[in-house]
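Student: Residue numbers (the working numbering), protein chains in the order written: chain A, 1 to 340; chain B, 1 to 340; chain C, 1 to 301; chain D, 1 to 301.
No false leads were mixed into what you were given.
Away from chain B, derived, C-beta distances all over 12 Å, residues of chain A: (1) Arg12; (2) Glu16; (3) Ala20; (4) Leu182; (5) Gly187; (6) Ser197; (7) Gly208; (8) Ser209; (9) Glu213; (10) Glu240; (11) Asp319.
Okay, the calculated beta carbon distance ranges per label pair: (12) B/Trp294 to A/Met237: 28 to 36 Å; (13) D/Glu206 to A/Pro180: 53 to 61 Å; (14) B/Trp294 to D/Leu57: 54 to 62 Å; (15) C/Val243 to B/Glu196: 37 to 45 Å; (16) A/Glu291 to B/Asp319: 20 to 28 Å; (17) B/Thr110 to D/Ser221: 24 to 32 Å; (18) B/Asp319 to D/Ser221: 53 to 61 Å; (19) D/Gly222 to C/Trp253: 35 to 43 Å; (20) B/Asp295 to A/Glu196: 31 to 39 Å; (21) C/Val249 to A/Arg123: 54 to 62 Å.
Since the hints were made in silico from the structure, they are not lab data. Keep in mind the model is a prediction, meaning the values are calculated, not measured. Each residue gets a CB set at the ideal place from its N, CA and C atoms; glycine is no exception.
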Amino acid sequence: MSPPRCGAELNRGLHEAMAAFPAMYVLGEDVLDPYGGAFKITRGLSEAFPDRVITTPISEASLFGVAAGMAIRGLRPVLEIMFGDFITLGFDQIVNGISKFREMYDDQVTLPLVVRTPMGGRRGYGPTHSQSLEKFLMGVPNIRMVAASEVHDLAGLMTAAVADDDPVFLIENKVMYGRPNLRPVDGRIGELDVTESGGPSPALTFSGSGFTEAAATLVAYGGMVPIALEAATALIMEHEVFCEVVAISGLLPLDLDPVLASLSRSGVVVTLEEGTLTGGIGAEIAARVQEQGWDDLRRPVVRVAARDGIIPSAPTLEDAVLPGVAHVTRAVLGAVGARA
Amino acid sequence: MSPPRCGAELNRGLHEAMAAFPAMYVLGEDVLDPYGGAFKITRGLSEAFPDRVITTPISEASLFGVAAGMAIRGLRPVLEIMFGDFITLGFDQIVNGISKFREMYDDQVTLPLVVRTPMGGRRGYGPTHSQSLEKFLMGVPNIRMVAASEVHDLAGLMTAAVADDDPVFLIENKVMYGRPNLRPVDGRIGELDVTESGGPSPALTFSGSGFTEAAATLVAYGGMVPIALEAATALIMEHEVFCEVVAISGLLPLDLDPVLASLSRSGVVVTLEEGTLTGGIGAEIAARVQEQGWDDLRRPVVRVAARDGIIPSAPTLEDAVLPGVAHVTRAVLGAVGARA
Amino acid sequence: MTASGPEARYRGMYLIRRFEETLLDMFSQGLLVGTTHTCIGQEADAVGVIGHMRPGLDQVVSNHRCHGHYIAFTGDLAGLAAEVMGRSGGTCSGRGGSQHLCRDGFYTNGVQGSIVPLATGIALAERERGDGAITTVFIGDGTLGQGAVYECLNMASLWRLPLLFVVENNRYAQTTPVELAVAGTVPDRARAFGVDAAHVASTDVEEIHAVAGEMVEHVRSGRPAVLSIDTYRLRAHSKGDDVRDPAEVDARWATEPLAVAGARLDAARRAALEADADRELAEALAVAHASPVAVLDEALA
Amino acid sequence: MTASGPEARYRGMYLIRRFEETLLDMFSQGLLVGTTHTCIGQEADAVGVIGHMRPGLDQVVSNHRCHGHYIAFTGDLAGLAAEVMGRSGGTCSGRGGSQHLCRDGFYTNGVQGSIVPLATGIALAERERGDGAITTVFIGDGTLGQGAVYECLNMASLWRLPLLFVVENNRYAQTTPVELAVAGTVPDRARAFGVDAAHVASTDVEEIHAVAGEMVEHVRSGRPAVLSIDTYRLRAHSKGDDVRDPAEVDARWATEPLAVAGARLDAARRAALEADADRELAEALAVAHASPVAVLDEALA
Ligand SMILES: Cc1ncc(C[n+]2csc(CCOP(=O)(O)OP(=O)(O)O)c2C)c(N)n1
Ligand SMILES: Cc1ncc(C[n+]2csc(CCOP(=O)(O)OP(=O)(O)O)c2C)c(N)n1
Ligand SMILES: [Mg+2]
Ligand SMILES: [Mg+2]
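Build the full structure now, drawing on both the sequences and the hints.
Tutor: Shown next, in the form of structure tokens:
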């Protein structure tokens, strides 16, 4: 049986959560059937649960606050933001509202809301529809952030997000939607051994079968996971360099333990992100890894990220600025001191 | 002659720039005389230049875009955002507009605009009027960010910002406004030796007089500069621990050279920021320092920052969550292995 | 407010007035830090509108200038005083301070306009709950500059939310006169989004109470509405920042809410109401003063 | 457009139509990647309004559905084609793509509503320059959901900016019918902010051109205005996403702009205009095809 697509699994998670949580509502632009959202992740929901799916005007700034108000009064809103690029419109509501209410109001309220949004490029959509802006959420206190990737239990991530009593930002990925949701079978995905941690935001650690040491630890999330895995395979095949890949989903709180565990075997950490370098998620990972894993580090943490700039529309330009397999292998080879 | 207050120096810089740049406009809420802005930094401008000072409705989201439009057509707008907490309202205009236009439009346009805003707490204003949100600008490509502090040439920072052909975010500080603008005299401020780098965003490096080695490098900007200096003095007086303080003003691009130079003398870096820890400016500094200064680093970079959470209103609570002198000395003593 | 009628409303306004005057005194004595925005001169709005709210059911969302609304809705003087004083017994244990309050269906935030989407979401949740609750959100004239207000007028109209927008037009936003900040009229802005609107230019709590009653009924029937009130702020924007012509301000004292409503009361009765309110306030302040200074607990550490 | 008159307008609309049909063909052949939003069915808006713009002076700000506006304003078919094809000869050297164009006073951005503040600032700058330039900003019905639109209507009104807002109401935002997204009416929304408004429900370029002319004169005299046009999009929102009733769409083909304007032309003259436009398009496409694929230059590296 071929694995289901990631988009379908996220959709299944939404259906399951709607059935499980009577207080759950889905809202967003164009979420109604038969369209079911620009990426079809909400498909079938408005037919199955007509009273709990709300299509909205193009009013992102307010929609975050509307979700907050619903949540404060006991509903479980799941807000779809059509492109992750548009979370910037709601940034005041995120930083000065969603992030604050529970703590500022002395824990008199809770905010069980989910914001789902696709990030990422590689589809030629151009500068305003291709970004990976989760970096800006990384600095927001009191929220959770989960990055979905194609090796995670996507329906499970979705239901866990809805079940959470705190605000959860679920970062999805445009390219991922159409790809198969690969799950470990007998502790393996493809040629690689996999161990998966527990909790609502598990990490998967990939290693060469039977290897207990590694030349480097690649930390990836979201759309960089398949690229990390491809790079790891290329590094084995073409350079006999064996890496571990840690595919994290917990960005807030940052799930560092599996990274540190892998570091203890490799001595080298390379962080991968599709967002632009400066002020990115890799900075926080690097800062923590050098702090908490200092004794295991054999050399500085290396960050692989997009060039600091726009994401151009022309495919040739986009390919050049976004980190791809070649960027990753080059960075790893540089870090482990091997020749490219 | 007692030094002028920082607020007055910023105001002087605005007056000088208005005289020097006929295309400069000042806009913001309540900027007209006699009020001259909530912190009086625009005082006197509307009387001196009535046609080039525009008081605006409370429409922060759009004001950033209005400034962008003015700049694209050759004016030099200087936008005052009354509290730095409100840059979140304009975050879409910042990320998807100001940051992109020049590059996305193939360098056909320039955006010589300045956004000025005060950050920081310690005045009991509560969760929405006390934050240090410059961390969120750190991840924005194609902008410049300059943090003013009480040891910088504040009028000079202001005129340099106006003269810049790229967008500059000038981060001011509420507490700073009322404090004296201390400038080096004969290479000294108070008891400390000072060297100052050049360019539009200089850094000042403070060291114990006559010392060529140091136990640690404290990297500070904005409102943390006086705290760093106070902590450095306390560390000398009470613990005989000699630190260098590098007061940077260039956040974007990040001015790392003076930090690395000091690191080469100290082997230890402690970053200070008033914003919350995770995803902060310190993360980027730490990531770069460990990357570029690895061989000089004797132990991991330490970050001192606000607790990840709200900034409470009660002074006792605010004091506890924001990093003060005691937090800094404790962190430094921990880092250099001395007993507190 | 459970008690109703002109006497209760006078007393309610008086209580708010005295509470806020006390705060300003404490600030000028250096006993308080931070900021505060008093509604002195605008008490009739709080008392007139909130008199129609059902405690334990309806929801009230307010802004930086929220003390009057808070007191009118919750009666919790001690909690508010302790909150502003940074005491652990405060409404939010000292976390929020003057502009960030929450209790029993009352919420405020210090970012202008930001609370309107929150109110819209609350109204949506209440509509879904189906127990007849309405939500009232207060904004000032200056806050009409924020786009979120119109996004929410639109959604409230489309979704038929039981949401009452109250615009307190006190002619200024901080120092900016309304003419420099607001084009057109408030009722037109409401109606442009298919939202019904009423307008009243008054500091008479009885007049406001009457118009508010009609709008509240309208909202309870399942349609949003806007109530636009022309009023005046008699004291500084926050603590001392006032650049208005003193003569303009002085002239407005003649029609301040207590003068208008008080003139209708028998003098002895009025004095008794005031004495009773003074006693209530003194007791509340004593409670607040007795509350320990807030300390960082584990939850915040 | 320097040439004017009904024939030039027909030819202009035809050119836009053929250009966009070509794009859709190229997409379906897999020759293009990314996204595109055609204005097929709405060409009369672009040509009718932009016919009043003075090249080299006036400024035009548009949105995701911008090809028609771009072509009408700049005539630069080759640059646009090359841009969409990701060639170095594109308007923005391939950096922007279909939704992010800039040339000679023309600007677009892909975030709905985001460009309205930009247009407002441009209009302010032009007013200060004092050379009589006006700025026109195009938005769709769905974009009326964005609060920035009202913030800018307010500022344009207060500051008397020479800014023309053109609302192209094509009855849908992506898949959302206007009834689910827009309460009230567009002219009322404008007037609520003290901005004059005209409304026209038409796909007749001559009718639009006439009304637009009045509004442009109004704006040139130093007051903002809103022109609300009811129109219809005949093809999918972007490439293939269309959930409308096909019968509804079919019915609208009868009144599409080329049919309406073309019916007034002599058949031979019409054919000649079309042939001429086809030749211009073919030449432009040849130029675009000859342009090298964009490569990362130093500036971007
Ligand atoms: C988004 C935002 N911008 C600016 C401020 C600073 N500020 C606080 S109150 C105020 C004026 C508000 O005017 P209005 O809405 O008329 O209320 P009023 O103070 O008159 O009651 C301003 C500008 C703020 N709190 N939030
Ligand atoms: C802020 C924002 N939200 C959502 C989108 C996705 N989107 C692109 S076009 C569109 C519909 C726009 O509708 P309308 O304004 O009516 O213009 P039309 O497409 O009909 O020309 C949407 C939702 C976007 N580009 N920007
Ligand atoms: Mg006001
Ligand atoms: Mg439309």
